[in-house]
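**Student:** The whole structure should be built from the sequences, with the hints applied where relevant.
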Amino acid sequence: MEELLKENEALAKRIIDCISDGYDDEEYRDETMQSLVAELDQGNFENIKAALKELCSRVEI
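Going letter by letter, the sequence shown gives residues 2 to 62 in my numbering.
The set of hints was computed from the structure by calculation and includes no laboratory data.
Here are the computed lysine to any residue pairs in the SDA-like style, where the Cα-Cα straight-line distance is at most 20 Å:
no., residue 1, residue 2
1, Lys7, Gln43
2, Lys7, Lys54
3, Lys50, Glu4
4, Lys14, Met2
Note that the coordinates shown come from a computational prediction; the quantities given were computed from them, not determined experimentally.
**Tutor:** What follows is the structure in structure tokens.
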């Protein structure tokens with residue numbers, strides 16, 4: 002369970018890093034990340050998580 006939480010937190014951070022411009026939205030970063038982690042924790046979204054990880058890896062290149 003704790004491993005899943007850490008994985009969801011890491012994924013939420015990657016998603017926010019990829020879509021953030023790093024300027025306008027920084028004041029909402031913590032709240033947004035907590036909300037995203039809570040959503041990821043709600044159910045079995047393995048396919049969506051895999052797609053988001055792939056999308057983030059393409060954005061980071």
